[in-house]
Amino acid sequence: MGALKSTPAPIEHHDLSEKTGFSLRQIRVLHKRFKQLSDGDDVLRREDFLGISSLKYNPIRKEIIEAFFNRRNFSPSCEGRANEIDFEEFLVVMSHFKPPCSKMTDEQRKNIRREKLKFIFNMHDSDGDGLITLEDYRHLVEELLSRSGALGKETSRAIADAAMFEVARTVGHRLLSNFDIESRMNIRFLKTDVIPGCRLG
Amino acid sequence: MFSRMAPRGRSGLGRSLAELGLLLLAILVLLDGTVLSLEAATSSEIDTHEGKPGTHKNTSKKSFPVLGIKYDDVSVPFEISLWVLLASLMKLGFHLIPRLSNVVPESCLLISVGLLVGGILKLARDEVPPVLSDRIFFLCLLPPIILDAGYFLPIRPFVENIGTILMFAVVGTLWNAFFVGGLIYAVCQIAQDKYSEIDLSNIGILPCLLFGSIISAVDPVAVLAVFEEIHINELLHILVFGESLLNDAVTVVLYHLFEEFMESGSVSAVDAILGLVSFLIVALGGVLVGAFYGILAAFTSRFTSHTRVIEPLFVFLYSYMAYLSAEVFHLSGIMSLIACGAVMRPYVEANISHKSHTTIKYFLKMWSSVSETLIFIFLGVATVEGEHHWNWVFLTSTVVLCLVARVIGVVGLTYIINKFRIVKLTTKDQFIIAYGGLRGAIAFSLGFILHSEHKKIFLTAIITVIFFTVFVQGMTIKPLVELLAVKKKHEAKRSINEEIHTRFLDHLLTGIEDICGHYGHHHWKNKLNRFNKKYVKKILIAGDRSKEPQLIAFYHKLEMKNAIQMVESGGGSKLNSTFPSTVSMQNIQPKIHSPPSARPSERALPQLTKGREEEIRQILRTNLQKTRQRLQSYNRHTLVVDPDEEGFDDLILKKRRMMELDWKVCKTSSHKSSNAIYSQAYVKPGAENVPTIKIDLASPQSPDSVRLLDEVVQDQGLTMSLPSSSSRAYKTSGKDDGRDQQKLLRCLSDPGPDVDDDEDYDDDEPVPT
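As you go down the protein sequences, you meet chains L and B in turn.
Under the UniProt record's numbering, think of the first position of the first sequence as 1, with each following residue one higher.
Under the UniProt record's numbering, think of the first position of the second sequence as 1, with each following residue one higher.
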């Protein structure tokens with residue numbers, strides 16, 4: 001697990017807390033996890049993620065891992081992909097999953113919603129050109145159904161096509177306009193605790 | 001006799017003359033002195049009335065009786081049918097008067113009718129049959145309503161909010177019971193009403209607590225009846241409704257507990273602990289019994305592929321057995337019924353035919369609707385029937401205490417609950433939850449079977465509270481909801497995109513939780529689903545369907561629905577009617593250029609002449625055969641061969657064809673100018689096997705090609721672009737130049753009205769994937 005310092009939170013943590021909105025305690029816990037995943041290193045690589053055993057049942061694990069290395073998630077102006085990320089970038093990606101606080105103005109709520117949607121958009125858009133094509137969508141549906149095996153490409157194609165058709169049909173074509181993403185895409189970070197038995201691999 | 005008809009003032013309606021006639025007939029029969037109680041207890045009356053026709057017979061010579069009256073043999077079914085008929089006619093009548101049913105909720109009207117009928121019966125015969133006996137209520141009237149609620153329970157919101165619901169149901173009800181019981185005892189001791197013949201201070205603490213426990217439970221029937229009409233948002237609905245369902249366990253335990261204590265006379269600490277244990281047993285036992293029967297039902301449905309006709313019967317029978325079995329052991333019947341319905345639903349629906357599904361849905365709706373109507377009418381009748389002991393102090397203090405207890409309970413609990421919730425409950429939410437705590441017939445029935453000496457005063461108080469909540473709260477909740485601008489239920493149909501993203505989010509959040517290393521909510525849900533998929537589904541679902549994932553099942557259901565809708569709305573023959581709902585490229589433009597004010601009708605565009613329309617129809621007809629093979633792969637029937645569903649084969653194909661047609665006949669706007677849309681669609685027969693309709697798309701330089709990333713920045717939705725490279729199914733011409741300039745093909749939407757009266761949520765998993 002590496003040597004964990006039990007000193008008071010370093011100054012970077014305060015900065016990070018301000019930048020990402022996590023509390024100091026949450027940052028400490030996530031830092032522990034970061035260190036655990038990266039084997040004491042200061043950067044995380046793709047192989048580190050592949051070591052998480054429970055992730056292997058996840059049909060979209062590739063996309064999830066890629067999302068961590070997608071520079072567009074770190075800040076709106078960056079492009080391209082990274083091969084390794086440091087703790088700050090790790091936190092920024094995680095901050096997309098923070099639950100919204102109760103007292104928020106409408107403006108803030110809209111911003112948060114857009115952030116989360118942008119994250120998902122980036123996940124769908126695998127080639128990074130800012131557009132999601134039918135192929136991307138088909139790929140997504142195929143992955144979602146990949147665990148079920150028997151049904152093959154035809155049905156997933158049909159579903160993706162139908163979905164695209166639906167988008168094309170809606171007025172002003174707002175996908176997911178009724179989808180409360182700000183209340184659904186959340187993880188309870190406060191309860192996050194690195195479980196000692198949770199080893200990699 | 002007819003003079004008594006005058007007070008029945010619904011004669012204003014001309015068209016309900018026939019109904020009025022039926023009503024008169026019904027009343028006539030009732031008043032004819034042949035009214036019998038549903039209980040065998042009052043069978044003594046039968047004899048007196050039998051005498052009448054009997055004596056007539058005896059006076060004449062003993063010839064062959066050509067016509068005679070033999071009422072007593074059919075009396076009970078006849079009586080029951082009359083009541084049910086009356087209830088249904090009432091329901092019919094109320095919906096014919098739209099103004100009334102908008103202002104007053106149905107439950108109030110029904111109670112009033114019950115009062116009226118009770119009054120008439122009382123005037124006529126000086127006594128009223130005790131129709132709302134507990135046996136009839138608990139065995140016949142309540143189960144259909146609860147089964148309907150349980151079978152169509154929206155699982156996802158229910159499970160997501162289960163913590164909150166349990167807190168309200170258990171802790172809230174306990175708080176209410178003790179608060180009301182305790183304070184009413186205090187009031188009784190203090191109050192000295194010299195005008196009343198009842199000595200309130202006689203009422204001991206235990207009867208008061210018993211009374212408190214009866215009156216504190218929120219009633220599912222009343223909540224359903226009122227909340228259904230106000231269309232409140234899903235969260236609040238499931239909170240109040242879930243609470244009303246789950247507090248049954250608490251009520252049952254408290255009731256039996258206090259009754260036992262009253263018998264035995266003394267209470268000890270051990271008894272209190274036993275009470276707690278008993279609560280756990282009642283609640284969990286009920287759920288287990290229900291789950292057991294649910295699994296049995298699911299397993300049975302696996303083998304019903306050859307006897308489709310009795311499939312619905314299994315569902316009903318197993319559920320009823322679950323209820324009865326739970327009642328045998330004094331477990332919570334309501335929880336058992338809910339558990340049974342919720343557990344069996346995903347598996348049964350995967351196994352049964354579409355027709356059976358419809359049957360189950362409509363039978364449940366029908367029975368629950370009739371039951372609800374009957375319950376309210378009987379409440380009215382029973383009010384007139386019972387002896388009442390009016391004690392203003394007791395009554396007013398009960399009502400006030402109930403309200404106060406509810407408010408304090410909700411506010412206090414929300415404060416605690418909000419610490420654990422992601423989506424906090426606002427003050428508005430709290431108000432609605434508190435205000436929605438309606439009492440109903442369950443409280444009345446429990447009061448009815450009391451063996452206390454103070455039964456009458458308790459019953460009067462219970463009735464007062466019920467009337468108050470149903471009338472005052474029921475009537476005012478709708479305007480209050482409007483006033484407070486509480487979020488309403490959005491009526492949108494569940495779209496396939498939402499479904500895809502729901503699944504996607506589930507996997508995403510599970511993945512993130514795994515990366516964080518914390519075994520949260522999603523992690524366990526995922527584990528449960530994997531277990532379900534691996535073992536349970538294989539056992540309980542027949543054949544190939546067991547491997548069908550959630551998304552595909554949803555997709556097929558949607559297809560089916562669309563296909564049926566299309567046929568119902570006239571299908572392909574109404575090409576013109578599809579045009580008004582065309583969504584065009586123009587709609588993307590407005591975000592960039594002009595305000596999106598285009599209404600569907602303005603985009604209407606019958607540019608296709610009659611001749612072209614005919615040609616298109618001809619093409620469709622001739623090509624249906626050729627495309628049959630190609631489309632087979634999309635068809636549900638490759639998964640499961642179901643002889644019953646061959647009819648839908650054609651529908652799906654037809655719809656496929658329409659979809660293909662939609663893709664081909666595209667409307668593109670010519671541009672920035674008005675909302676008018678120009679199209680050029682022409683038929684080009686002969687190209688390849690299938691004559692296709694080619695479209696002259698706008699040139700790449702036109703502003704039709706839209707940068708969709710702009711969309712994302714400006715809206716808050718995800719938008720997608722379509723590639724120009726099409727699949728074999730969509731033969732559009734006019735390829736683009738590279739990814740950058742993608743044209744979005746605006747297509748015809750589904751013809752026909754989007755009438756989706758499907759109230760059920762299509763979550764099929766016990767814990768949704």
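A hint or two may mislead.
[As the list claims (entries may be wrong)] No more than 25 Å apart at the CA atoms, straight line, and that leaves these computed lysine-lysine pairs for DSS-like:
hint : chain 1 : residue 1 : chain 2 : residue 2
1    : B       : Lys537    : B       : Lys527
2    : L       : Lys62     : B       : Lys487
3    : B       : Lys70     : L       : Lys62
4    : L       : Lys110    : L       : Lys62
5    : L       : Lys98     : B       : Lys424
6    : B       : Lys527    : L       : Lys110
7    : B       : Lys419    : L       : Lys110
8    : B       : Lys487    : L       : Lys98
9    : B       : Lys527    : L       : Lys62
10   : L       : Lys56     : B       : Lys424
11   : B       : Lys525    : B       : Lys424
12   : B       : Lys456    : L       : Lys62
[What the hints assert, rightly or not] Take a look, some chain L residues computed to stay more than 12 Å from chain B by CB distance:
hint : residue
13   : Ile11
14   : Asp15
15   : Ser54
16   : Ala67
17   : Arg71
18   : Ser156
[Stated by the list, open to error] Derived contacts from chain B toward chain L, CB cut-off under 10 Å, selection only:
hint : residue
19   : Thr396
20   : Asn526
21   : Phe554
22   : Tyr555
23   : Lys557
Calculated from the structure, these hints are not laboratory results.
Where is the CB? At the ideal position from N, CA and C, for every residue including glycine.
Comparing the hints with the structure gives:
| no. | hint | result |
| --- | --- | --- |
| 1 | B:Lys537 / B:Lys527 | holds, 14 Å |
| 2 | L:Lys62 / B:Lys487 | violated, 38 Å |
| 3 | B:Lys70 / L:Lys62 | violated, 79 Å |
| 4 | L:Lys110 / L:Lys62 | violated, 29 Å |
| 5 | L:Lys98 / B:Lys424 | holds, 14 Å |
| 6 | B:Lys527 / L:Lys110 | violated, 33 Å |
| 7 | B:Lys419 / L:Lys110 | holds, 24 Å |
| 8 | B:Lys487 / L:Lys98 | holds, 24 Å |
| 9 | B:Lys527 / L:Lys62 | holds, 20 Å |
| 10 | L:Lys56 / B:Lys424 | violated, 34 Å |
| 11 | B:Lys525 / B:Lys424 | holds, 22 Å |
| 12 | B:Lys456 / L:Lys62 | violated, 69 Å |
| 13 | Ile11 | holds, 24 Å |
| 14 | Asp15 | holds, 21 Å |
| 15 | Ser54 | violated, 4 Å |
| 16 | Ala67 | violated, 9 Å |
| 17 | Arg71 | holds, 16 Å |
| 18 | Ser156 | violated, 8 Å |
| 19 | Thr396 | violated, 38 Å |
| 20 | Asn526 | holds, 8 Å |
| 21 | Phe554 | holds, 9 Å |
| 22 | Tyr555 | holds, 5 Å |
| 23 | Lys557 | violated, 12 Å |
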